[in-house]
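A.B. asks: Going down the list, the protein sequences come from chains A and B.
For the first sequence, full-length UniProt numbering begins at 1 and goes up steadily by one.
For the second sequence, full-length UniProt numbering begins at 1 and goes up steadily by one.
Don't take every hint at face value.
Said to hold, decoys possible - Straight line, CA to CA, 27 Å or less: simulated DSS-like cross-link-like pairs of lysine-lysine:
hint, chain 1, residue 1, chain 2, residue 2
1, B, 170, A, 55
2, A, 34, B, 235
3, A, 55, B, 143
4, A, 252, A, 286
5, A, 180, A, 30
6, A, 57, B, 274
7, B, 144, B, 235
Because the hints were derived from the structure by calculation, they are not lab data.
Now for the letters of each chain:
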Amino acid sequence: MLNSEAKLIPDITKPEYIPTRDGYGKGVVKAGDKDERVVVLCADLTESTRSLWFKEKFPSRFIEMGVAEQNLALVASGMANYGKIPFISSYATFSPGRNNEQIRTNITINNVPVKIVGAHAGISVGPDGATHQALEDIALMRVQPRMVVVVPCDAVEAEKATFAAAFNNQPTYIRVGREKSPVFTTADTPFEIGKAIVLRDLPAGRQAANTCAIIGCGMLLHNALLAAEELMSEGIECMVINSHTVKPLDEKTIVEAAQKTGAVVSVEEHQIAGGLGSVVAECLSKNYPVPQEFIGIQDRFGESGKSEELIEVFGLGKESIKSATKKAISRK
Amino acid sequence: MSQYIDDKKVEELETKANEARELLIEMLTEAGSGHTAGPLGMADIFTALYFHVLNHDPKNPEMPERDRLILSNGHITPIRYVVMAMSGYFPIEELKTLRKFGTRLQGHPERERLPGVETTSGPLGSGLGQACGIAYAARIDAKKFRTYCLMSDGEHDSGALWESVMFAGKNKLSNLTGIIDRNNIQIDGMTEDVMPLENLRAKYEAFNWHVLEIDGNNIEAFVDATHEAAAIFEKPTVIIAHTIPGKGIKEIEFDYRWHGIVPGMQDVPGAPSKAEQSKKFLDELRTLGGRIKSEHQ
Numbered sequence: 001m002l003n004s005e006a007k008l009i010p011d012i013t014k015p016e017y018i019p020t021r022d023g024y025g026k027g028v029v030k031a032g033d034k035d036e037r038v039v040v041l042c043a044d045l046t047e048s049t050r051s052l053w054f055k056e057k058f059p060s061r062f063i064e065m066g067v068a069e070q071n072l073a074l075v076a077s078g079m080a081n082y083g084k085i086p087f088i089s090s091y092a093t094f095s096p097g098r099n100n101e102q103i104r105t106n107i108t109i110n111n112v113p114v115k116i117v118g119a120h121a122g123i124s125v126g127p128d129g130a131t132h133q134a135l136e137d138i139a140l141m142r143v144q145p146r147m148v149v150v151v152p153c154d155a156v157e158a159e160k161a162t163f164a165a166a167f168n169n170q171p172t173y174i175r176v177g178r179e180k181s182p183v184f185t186t187a188d189t190p191f192e193i194g195k196a197i198v199l200r201d202l203p204a205g206r207q208a209a210n211t212c213a214i215i216g217c218g219m220l221l222h223n224a225l226l227a228a229e230e231l232m233s234e235g236i237e238c239m240v241i242n243s244h245t246v247k248p249l250d251e252k253t254i255v256e257a258a259q260k261t262g263a264v265v266s267v268e269e270h271q272i273a274g275g276l277g278s279v280v281a282e283c284l285s286k287n288y289p290v291p292q293e294f295i296g297i298q299d300r301f302g303e304s305g306k307s308e309e310l311i312e313v314f315g316l317g318k319e320s321i322k323s324a325t326k327k328a329i330s331r332k
Numbered sequence: 001m002s003q004y005i006d007d008k009k010v011e012e013l014e015t016k017a018n019e020a021r022e023l024l025i026e027m028l029t030e031a032g033s034g035h036t037a038g039p040l041g042m043a044d045i046f047t048a049l050y051f052h053v054l055n056h057d058p059k060n061p062e063m064p065e066r067d068r069l070i071l072s073n074g075h076i077t078p079i080r081y082v083v084m085a086m087s088g089y090f091p092i093e094e095l096k097t098l099r100k101f102g103t104r105l106q107g108h109p110e111r112e113r114l115p116g117v118e119t120t121s122g123p124l125g126s127g128l129g130q131a132c133g134i135a136y137a138a139r140i141d142a143k144k145f146r147t148y149c150l151m152s153d154g155e156h157d158s159g160a161l162w163e164s165v166m167f168a169g170k171n172k173l174s175n176l177t178g179i180i181d182r183n184n185i186q187i188d189g190m191t192e193d194v195m196p197l198e199n200l201r202a203k204y205e206a207f208n209w210h211v212l213e214i215d216g217n218n219i220e221a222f223v224d225a226t227h228e229a230a231a232i233f234e235k236p237t238v239i240i241a242h243t244i245p246g247k248g249i250k251e252i253e254f255d256y257r258w259h260g261i262v263p264g265m266q267d268v269p270g271a272p273s274k275a276e277q278s279k280k281f282l283d284e285l286r287t288l289g290g291r292i293k294s295e296h297q
């Protein structure tokens, strides 16, 4: 059953659809309102990353970098070093893709609080095709010491994550998507970087047998909630956990879920190698090993197509999550 | 802003630069690895910066109004460490810890390890962009300090660096002074063989920079150039400092093979031992190449 403390929308089957990049756009304006140290740098993608909204409100604190993602990371590093709070925005394939070494040397080893916003992440980018569908960015960012990695599940959470990241004084990666996606959390849903949210819990007293914990990040969590709802009619009860912060992982919540259910399925719009599923597996294998199934991209690149079409073809849809859940339970 | 410089001051700085070279050779010999040619060639400029040009306070390295010195080519950091120690950032004795476990003097400099080091550096082509960020932020806040960025010539092979050159030109960052150690060598050979950089002046000018070319081992010329750079209001300035790699030790001068080795590291039969070679180099420095008979003269 849905966790009432998560304060989700009244009917999760009837969400509004807004892209998570819009949440970033709103959140960074809010952060800019609160603190004039906030600056935004963008690499020739101002409208589509939604950095435009900040530019319109604070023109003197917006810096156009041109198609120069390496310099984007470098100039932001200098500004953070001086005392500003820079957000850098581009598509995730370019930043943190192309400028990975600049981020490593000049942001994380340097230890300056630059906020990297990778837009158009995931297969749901759709028609642009493989070159523009970032499927490795979580892996790239989570292996860098000091880097915080946040993958918001919807536009409302993206706004909160952006605002929180502005003031955490750490290098931080925020991953957002292009396509409109279901908004199922509300302004009242709690959000704290590093604290996973139990969206759906087991009915009181229900333990072991036909139970599983679905642990995800990003917009696919909506599919996970729908899958959990439908599995109930087959006698399967699922927890659904929004692990929006991939790093540092909320190990306590993840381990408790594994203890309670005895099986997990990880769900993300990213390569299985190195993403949230890997993070969860690393955590559980040392704390409480249970069977785990992985929903994610299976070591291949994306291609052109409609967003919803690609989600199905690449095995990230509701039905795939249902089968993975049954498989994980069967392995107990 | 530093004062114009008189002959007495020039002489004083030249003496200090030579002391810095001696400390450098001792330090590199002790460390057993590192770079020799670049740091020797840049001893004059670093001495001029720390003892005359920069507004800084070794006892208050975080002073908000300090000039920022961004060292992009982090591998020449030994000479920066030497001059920092000489100006009072940390004890001279600590120079012996270079590259050893637990040291604040990392092989390539790290911002958080040693107060006064503004940025972590080593991977080339990245300093100028950070200097641009600092200069741009300073301009937003109407701060008066200057940002200096020291670069090697070889790192101009890097595309990322040119992104930064373009950015500074676009934004007319006149509070930024670039300094290029134009010593014509890099690891694989002479810069014009590895990847030709000329015409470097024309390239910078085409990116809307003011360009000055000087003898980088002439302290007076360097100080004058920093003054001219500060007086240019409509553009960033770059000082192309023609230096002699290995300056001060004849055997090392102009030889690209000394880019990434230290005394005692030559991989050839009959090469002198570390101790012998180091002593020879120190004698040469202490006698100013035989011009004086002893260091006390």
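A.B. asks: Decide, hint by hint, whether the structure agrees.
C.D. replies: So, going through the hints one by one against the coordinates:
1. At roughly 18 Å between alpha-carbon atoms, residue 170/B and residue 55/A fall within 27 Å of each other, so this suggested pair holds.
2. Using a Cα cut-off of 27 Å, the hinted pair residue 34/A and residue 235/B is violated, with the two alpha carbons roughly 33 Å apart.
3. A C-alpha spacing of about 23 Å is found between residue 55/A and residue 143/B, which places the hinted pair at or below 27 Å, so the restraint holds.
4. Only pairs whose Cα atoms come within 27 Å are accepted, and residue 252/A paired with residue 286/A is accepted, the gap being roughly 13 Å.
5. Distance check on the hinted pair: residue 180/A and residue 30/A sit about 21 Å apart at the alpha-carbon level, within 27 Å; holds.
6. For the hint pairing residue 57/A with residue 274/B, the CA-to-CA distance comes to about 63 Å; that exceeds 27 Å, so the pair is violated.
7. This hinted pair checks out: residue 144/B and residue 235/B have alpha carbons roughly 16 Å apart, not beyond 27 Å.
In terms of the numbered hints stated before, the structure departs from hints 2, 6, listed from lowest to highest.
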